[in-house]
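Line by line, the protein sequences give chains A and B. Numbered according to our numbering, the first sequence spans residues 1170 to 1452. Numbered according to our numbering, the second sequence spans residues 1136 to 1425.
Read the hints as simulated data drawn from the structure, not as lab findings. For every residue, glycine included, the Cβ atom is placed at its ideal position computed from N, Cα and C.
Footprint (simulated), chain A over chain B, 3 or more residues, beta carbon under 8 Å:
no.: 1; stretch: 1259-1271
no.: 2; stretch: 1318-1326
Once the Cα atoms are required to be at most 30 Å apart in a straight line, the calculated DSSO-like pairs of lysine-lysine come out as:
no.: 3; chain 1: A; residue 1: K1448; chain 2: B; residue 2: K1310
no.: 4; chain 1: A; residue 1: K1175; chain 2: B; residue 2: K1253
no.: 5; chain 1: B; residue 1: K1253; chain 2: B; residue 2: K1340
no.: 6; chain 1: B; residue 1: K1310; chain 2: B; residue 2: K1333
no.: 7; chain 1: A; residue 1: K1448; chain 2: A; residue 2: K1383
no.: 8; chain 1: A; residue 1: K1383; chain 2: B; residue 2: K1282
no.: 9; chain 1: B; residue 1: K1282; chain 2: A; residue 2: K1213
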Amino acid sequence: MENAIKKYWPVFLLPTLAAFIIGFIWPFLWGIYLSFHKFITVSKTTFVGLDNYIKVFQDATFVEAFWFTARFTIVSTILINIFAFALALTLTRGLRGTNAFRTVFFLPNLIGGIVLGYIWQILLNGLLTNLGLPLLALDARYGFWGLIILMCWQQIGYMMIIYIAGLQNVPGDLIEAASIDGATSFQTLIKVKLPMVMPSVTICTFLTLTNSFKLFDQNLALTGGEPAKASQMLALNIYDTFYARAGAQWKGIGQAKAVVFFLLVISISLVQLYFTRRKEVQQ
Amino acid sequence: MAKKTYHDGAVSGARRVVDAALIVLLTALCLLWIYPVILILINSLKLETAISTATVFTLPTSETFVGLANYVHGVTQMNFLSSFGYSVIITVTSVALIILCCSMCAWYITRVNILASKLMYLLCAFSMVVPFQMVMFTLAKTADTLKLNTPFNICIIYLGFGAGLAVFMFTGFMKSVPLAIEEAAMIDGCNPLQIFFKVVFPILKPTAISTAILETMWVWNDYLLPTLVLDIKKYRTIPMAIQYFRGSYGRVEMGPMMACIMITVIPIIILYLACQKYIIEGVVAGAVKG
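Whenever a hint applies, use it, and build me the whole structure from the sequences.
Spelled out as structure tokens, the structure:
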């Protein structure tokens, strides 16, 4: 049977493979190549070695964007996961109206990043004005917390759904056994439920970490990096380097930044997966 | 034992109070959760001059209420209908193509045990972690060269970029499908194409729905890829139109802008309420596979 299918590769494998090469593999490899070159148009490139990479780290906006992104990622990952888990716990108690609550909390997820950004910009600027504080675009601290609020609003519902699915899979006899042994509900939570939902914790931290680190649309729409790039995150900084800066070498530097960004995302994901996977128990 | 029963009774009494408190708290939280959307809805019904950062929170009065005027203005000025059309075309063609091609590809790489299959699987998993910024510049250039820069051809790029998740989800499910049914079909004289479409694809249907939902959520809301690939003067998807609408005027007209946001959000909410069950199942399935 395997051999019969094998002959059909032009039908089964080729379309996806071709599109995958056009849409991913070729741009990826070409991107690595270009990161070592200086160019204005891609038809005329000069090899500059590691020059672009050196300039990446000399670019103060990139370093600043990195710290902004790092702080944002840590705060949002912690807040989203705590709130999502707490909501999941309350919504698995069998309360009345559970389904309606779940529906509402999940809703913001379906609205795109650009639209979300504008909705919150209007709301937060209105709030800040009425409190007599500077607008989002004038103070990066408000931009930071604005992004955190927006991200929580969007992601808590999604992570909550994953945690609910995890909690529903915890076998009832385990919880019963714990209560017969005299465990308090807090002990049951820490010693039984939490270890059993570790796979969900792994997935949710992975998703929130990478989503926050790679955030672009929301950043562009909510603050646009204002004031003076102080609320710019890495993805927006790279976009800005490619398309908003004039000068011979910026495209090459932008591509080098993109490679650095890619390496950062990969290392963060691997480290996180390593640490949370270790905590998972065999079901 | 008697003590234990007494204790249980006290707990369930206390539990009822806690539950009631939680319901109140959750209801308040839910209202807070939908408040941003309600705020935009209220403001989209106000007169342009009555909207400013200081007056966002005031309700429209009989003088400032303009009904649907902002909606009419916004739709005509933003050319909303054509944007809506482009978004629908791109999403439908891309998701259909992704489901068809990736399910076929996934079946091939699980059933044919060669090096190329393993390599394809690994590359697909890898592509899910790579940030879009890594490939955006070169991808836009490639799309231009290959004339993939129209709403009708862009689905090929979406197939390439969405293949990672889809192949990953389909192979995850394929591994649990027994080979025996397919072998029986083969003995009955089916060729691989017939086996796939008559036997395998119907089995894959639940995964296909989950994958379609995840990919639709991505393509419909995607902003950066179409912005870089499509010619913004000719074709604008909804997210592009909203961003363009805002960036192109000296002073943004808030009323029509908020009306446009509402017209983008309302269909999503209706669709969500209609097929909520599938969407939530899709999210859970995606998370488990990922």
